[in-house]
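Top to bottom, those sequences are chains P, B, C and H.
Heads up: the first sequence runs through residues 53 to 403, numbered per our numbering.
Heads up: the second sequence runs through residues 53 to 403, numbered per our numbering.
Heads up: the third sequence runs through residues 53 to 403, numbered per our numbering.
Heads up: the fourth sequence runs through residues 53 to 403, numbered per our numbering.
Just so you know, not all the hints are guaranteed correct.
Given that identical chains are not distinguished, each listed pair holds provided it fits within a single copy or across any two copies.
[Unchecked claim] Straight-line distance between alpha carbons at most 30 Å, and here's what the computed BS3-like set of lysine-lysine pairs gives:
no., residue 1, residue 2
1, K171, K331
2, K331, K390
3, K171, K207
4, K400, K171
5, K390, K171
6, K171, K348
7, K171, K326
8, K390, K244
9, K207, K326
10, K326, K244
11, K326, K390
12, K390, K207
13, K331, K348
14, K331, K244
15, K348, K207
16, K207, K400
17, K348, K244
Honestly, the hints are just simulated from the structure, not real lab data.
Number of protein chains: 4
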Amino acid sequence: MLFGSDNWAGAAPEIVDALTRASQGLAPSYGADAFTRSAERQFCEIFEREVTVFFVATGGAANGLALSVLTPSYGMIYCHEESHVQMDECAGPELFTGGAKLLPLRGAGAKIAPEMLQKAIAGYPARPPHGAPAKALSITQATECGTLYSVEELKALCDVAQAHGLSVHMDGARFANALVSLGCTPAEMTWKAGVDVLSFGGTKNGCFAAEAVVFFNPDMVGDFIYKRKRSGHLLSKLRFISAQFEAYFSEGRWLGYASRANAMAARLSEGLAKIDGVKIWYPTQANEVFVEFPAKLETALREAGAVFFPWVTPGDPSGGRMSRLIASFATTESDIDKFLSLANELAKSAR
Amino acid sequence: MLFGSDNWAGAAPEIVDALTRASQGLAPSYGADAFTRSAERQFCEIFEREVTVFFVATGGAANGLALSVLTPSYGMIYCHEESHVQMDECAGPELFTGGAKLLPLRGAGAKIAPEMLQKAIAGYPARPPHGAPAKALSITQATECGTLYSVEELKALCDVAQAHGLSVHMDGARFANALVSLGCTPAEMTWKAGVDVLSFGGTKNGCFAAEAVVFFNPDMVGDFIYKRKRSGHLLSKLRFISAQFEAYFSEGRWLGYASRANAMAARLSEGLAKIDGVKIWYPTQANEVFVEFPAKLETALREAGAVFFPWVTPGDPSGGRMSRLIASFATTESDIDKFLSLANELAKSAR
Amino acid sequence: MLFGSDNWAGAAPEIVDALTRASQGLAPSYGADAFTRSAERQFCEIFEREVTVFFVATGGAANGLALSVLTPSYGMIYCHEESHVQMDECAGPELFTGGAKLLPLRGAGAKIAPEMLQKAIAGYPARPPHGAPAKALSITQATECGTLYSVEELKALCDVAQAHGLSVHMDGARFANALVSLGCTPAEMTWKAGVDVLSFGGTKNGCFAAEAVVFFNPDMVGDFIYKRKRSGHLLSKLRFISAQFEAYFSEGRWLGYASRANAMAARLSEGLAKIDGVKIWYPTQANEVFVEFPAKLETALREAGAVFFPWVTPGDPSGGRMSRLIASFATTESDIDKFLSLANELAKSAR
Amino acid sequence: MLFGSDNWAGAAPEIVDALTRASQGLAPSYGADAFTRSAERQFCEIFEREVTVFFVATGGAANGLALSVLTPSYGMIYCHEESHVQMDECAGPELFTGGAKLLPLRGAGAKIAPEMLQKAIAGYPARPPHGAPAKALSITQATECGTLYSVEELKALCDVAQAHGLSVHMDGARFANALVSLGCTPAEMTWKAGVDVLSFGGTKNGCFAAEAVVFFNPDMVGDFIYKRKRSGHLLSKLRFISAQFEAYFSEGRWLGYASRANAMAARLSEGLAKIDGVKIWYPTQANEVFVEFPAKLETALREAGAVFFPWVTPGDPSGGRMSRLIASFATTESDIDKFLSLANELAKSAR
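Next up, chain P with everything else stripped away, as it sits in the complex (with noise of 0.2 Å):
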């Protein structure tokens, strides 16, 4: 009954493996051995281009990293105000890009619509040298209300920032669930969409800390390596990320992992959307339930042992009522139908 995010899963047995081989034996550091030459092609591969792909261990820096290549340090990032990137980095992409300026959107689900995007642009017009001049847009796949950008949603909305001079980052932490969720190609919920610069995470999906920065157009790695290492993100032993990588791609392990923890999504909110007074405020696309239980049920839940946490946000459409449960690729039917069985009989006790 813990929900409370799919960074408390440990790593999936194959990564575990993975890991134990790849610490044998002496490899060059800093990224020139076997394993991340392996782990680049992979990504290439995957996403039918040749790519330009960093290894770093957590999103934030991913994130951060990314849109430091992106913008001048003065430039403007326009984001939905809900992203991870706004709420949840303490200010971690001003200091990557030394102070860049981020423009939070409104929209619903944590989804920015084409139109919000250009309105917003148009308020902050150029005039050099006075406003931060418009730089990138950052968007989420799958969002952080669990919900998903379909792939001609995606590109209506590259096309606005393409028409603006903007590049486009898609901070991919749950890129997994999104992609099976959607049943598109990597390709086309990215590159072919539009997206320049993606945040591909790991560490969600069942490794232990694996996130990428994959560049799509070469041009646009500027000197991304040195941000990398004087900001600390440029692991000695980067082949323990790789690694990981390697085993998460092989096998088509990684969209197994994603479609596990989509279903339990699934099977979470269909079951709670039955019990009286539940609500789920968003679809539930990924492997996240935004709920919001009576009062009574919530503390009842709580008191029985099961973990999740308030939702709160700017967007907030339910009155600081809402809470969010997120299943992972460790999550198990029992897992599920432990707390749904729970949760309806709580409910029927406490009315």
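Dock chains B, C and H against the given chain P, drawing on the hints supplied.
Leaving out everything else, chains B, C and H in the frame of chain P:
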């Protein structure tokens, strides 16, 4: 017919005289001179209390430096989406603070309502170390739309800020214009209402380049002197700024300059409002007039040599049709009347 | 024959086992887990006092974050000109601190003499707000030249620092190697000598990626947690670092790994010293050997597959002829003997 | 007897007159005015080529902004250990550049020898992404010790810089003093010798506050205008700086002011050198005199009301006994003679 900005005006003759006198002889540099001591004393008198005051040459410096001691580098600063710190300083506060996050709020006439502030703070709850912690509120008086907060409104806003542990910064680039319009005292419009730090502007109201950062609470000064120095804002011949302030305050000149500017703006506003099809968007409470001209009239006015600029902001209610006209201490009744006469004439022929 | 760096080694089997065990089950993220609590307690025991400790994945992060709470953004940090913070982190400390100034000092064997520190501080006298005020001293133990400060030398250096109000940071990327070589206690080598904050390294000594910032004075912690988070160095599955430390400290393994590495370096150093024309530049006090090979021999060794890198520094006494060879926990006697045998053989034929 | 600094002087009467004239009437702000156009043309004429020039109010701003476009945020800037950028700007260049690293070099009389630069660069070899890459050289003319680089010395130094891909910045806070002393042209002392960007100072030589950043290569300007704006250094009434430069250059006044200052320093230096026990430490080549007085005499002079400050630097050859005396455009022969007469008298009685 030059209504582009109050910073198009030169310097008032009395300021010029003072600078000329101050130019003679030797004096200690970096502010250790008698002019600076004297101007500091004047600030204490005007604000009816001991204040700690620092002189700089631009409003951007005053705002950035003031904010830099109110927040750590990862803090959150609440401000209006149309405020100068958000729209017009090219991410300057982000530079001065080391990457703090500005959170833009909506509100008609560039004013923040207490409820809006309350709601915004609630939407970004403290979750150390994940979210950027709320540290400061920055408000502008007179606002960027030429409107005013009443003393009561200021108090209500500062109360919300204080209740959440936020320090309050006031951008007073047009402080004098607001003051004479409200008819209150400098103390009432600042520290008595709850303002902690003030960017006090002289440049737009008759000085060459004279801005001050006024701390009402000496505990908040922190390492301001280091930050001013390192950002290149400690003038070596600082007495030249101090001497401007001395003359500015003497014989109530600053109030006279502002009263003149406000009166001219009012005359302009009233005159334009009478012209068919002309819309005044915000109440003309200081020295700025926000006007929507019929398209033909606007073109005709510009062709006849009038200078004023479009006013485009994220909260623009006019759909991109608004222009801003500004009066200064140097504007004369004849300037206004000539323009109004032209406008009336062109309006007739443009029909 | 791979002596490129101790970070070429993999992870020790006991560390691998620990990580495997820690990979199972769910646990709170961001360090609110039992592994982290336990590792924190071990740090307190090892240092014989309450310490506040934070885990990160790289030494660059540990150094930068440690320094970021010892100095304001405009402070001066004294360090050796050959130190890692000065030479090898791509201006990382400057990023983490918001632009502090590193003042590089000379000294043989990468060691700072107390007199040198004294003189340097005197040369940059406090003249607020003009000069960057002296705030911290950063020293490395074992040094970048594989030498050691004795406990008495550390004390003398810290005394000078304290007398001038400087906090003391120790870069302990090779802390264990220094410790077992000196034969003192962790407490004697740190806080008892006057060290305030320690970057404690595990990565180079058998871990995957495990570094800790250890504060001996809780008052100095400041806003470390915010700075770690915003720089992307708070791992979500932090238990994976904690678990490495748990295994590292258990049964005195860390000392065993370091003893092995040091012994292998000593064996290598002694063996090479016997070869005609080979010069050992610095005393081999930890796990690094600095060697000047005759040019022909150096070429022959590389051609035979040996890996080691040139060591170029501003204080290089060899005129660009020095190489660095490093042993690790994973180096075996046979590795050393095979290399020495080859070197002896090639030296003969190269004559 | 006020020899504290050339920034103790006021403004020259011709500069005052110009500012008074410029204070009248309205003109476009932010540099879009006729004064600015005219001053820009003067810079082109004086330097005998097209230059791109930007006006700011302080030397710290000029230096910091100039360097900010020569280096990325993680670059290395070579400078003298006694230079203003290193010693006197409170880590300002680190702020403007976003955290670049200044590498202080030694050299007698605050001059960098080409060999010293060569050696320093060699000591920090390029090892992407580990070391901060060498990006710029900053030199000062006249130096902080009142000495000069000859045109040949400048060339030799710039040649080393260019050979290693470094851009060259000249801090010309006392540019005019150097120029009239060398008797060369502005072009010869800058771009013809290899200087890329110049901080051109007017403030210390008769202006109120007038500094310029002069780019000899338009490709290096980069995003200077954004950086000037965001750091608060774009004056709204910019014509007030431009007008100072116009007057400064007209009728060769700037050269006259500097000649006067230099002549007075020479007179002072020669007079002091004749006094028993007085030592002149550096050749008096511009407007600064570095003097070691016998202790009793120094005390007696100060007691008699003379003002001059101790000169403490990391490279001080006097063991803390040196003082700096500065002459300005406003210093008269009678000022010097009165002081010399007093010094002679006190020296006799102090025996």
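How the hints compare with the structure:
1. Proximity of K171 and K331 under a CA criterion of 30 Å is satisfied inter-copy only: 23 Å between copies versus 32 Å inside one chain copy.
2. Taking identical chains as interchangeable, the C-alpha atoms of K331 and K390 lie at most 30 Å apart only when both belong to the same chain, with a minimum of 19 Å there against 65 Å between chains.
3. In this assembly of identical chains, K171 and K207 lie within 30 Å of each other by CA distance solely inside one copy; the values are 17 Å within and 33 Å between copies.
4. When the C-alpha separation of K400 and K171 is checked against a cutoff of 30 Å, the pair qualifies neither within a copy, at 48 Å, nor between copies, at 35 Å.
5. Taking the shortest alpha-carbon separations for K390 and K171, neither the intra-copy value of 47 Å nor the inter-copy value of 37 Å comes in at or below 30 Å.
6. In this assembly of identical chains, the alpha carbons of K171 and K348 lie at most 30 Å apart only when taken from different copies (25 Å versus 42 Å within one copy).
7. In this homomeric assembly, K171 and K326 never come within 30 Å of each other (Cα to Cα): the closest approach is 39 Å inside a single copy and 32 Å across copies.
8. In the homo-oligomer, the alpha carbons of K390 and K244 never lie at most 30 Å apart, since the shortest distance is 42 Å inside one protomer and 54 Å across protomers.
9. Taking identical chains as interchangeable, the C-alpha atoms of K207 and K326 are never at most 30 Å apart, the minima being 35 Å within one chain and 48 Å between chains.
10. With identical chains, the CA atoms of K326 and K244 are never at most 30 Å apart, being 39 Å at best within one copy and 56 Å at best between copies.
11. For the identical chains of this complex, K326 and K390 are intra-copy neighbours only, at 15 Å inside a copy versus 71 Å across copies, given an alpha-carbon limit of 30 Å.
12. Neither within a single protomer nor between protomers do K390 and K207 lie at most 30 Å apart by alpha-carbon distance, with minima of 41 Å and 53 Å respectively.
13. Only within a single protomer do K331 and K348 lie at most 30 Å apart by alpha-carbon distance; the minimum there is 14 Å, versus 54 Å between protomers.
14. With identical chains, the CA atoms of K331 and K244 are never at most 30 Å apart, being 36 Å at best within one copy and 47 Å at best between copies.
15. Taking identical chains as interchangeable, the C-alpha atoms of K348 and K207 are never at most 30 Å apart, the minima being 43 Å within one chain and 39 Å between chains.
16. In the homo-oligomer, the alpha carbons of K207 and K400 never lie at most 30 Å apart, since the shortest distance is 46 Å inside one protomer and 49 Å across protomers.
17. Proximity of K348 and K244 under a CA criterion of 30 Å is satisfied in neither setting, with 48 Å inside one chain copy and 45 Å between copies.
Violated hints for the displayed structure, listed by number in ascending order: 4, 5, 7, 8, 9, 10, 12, 14, 15, 16 and 17.
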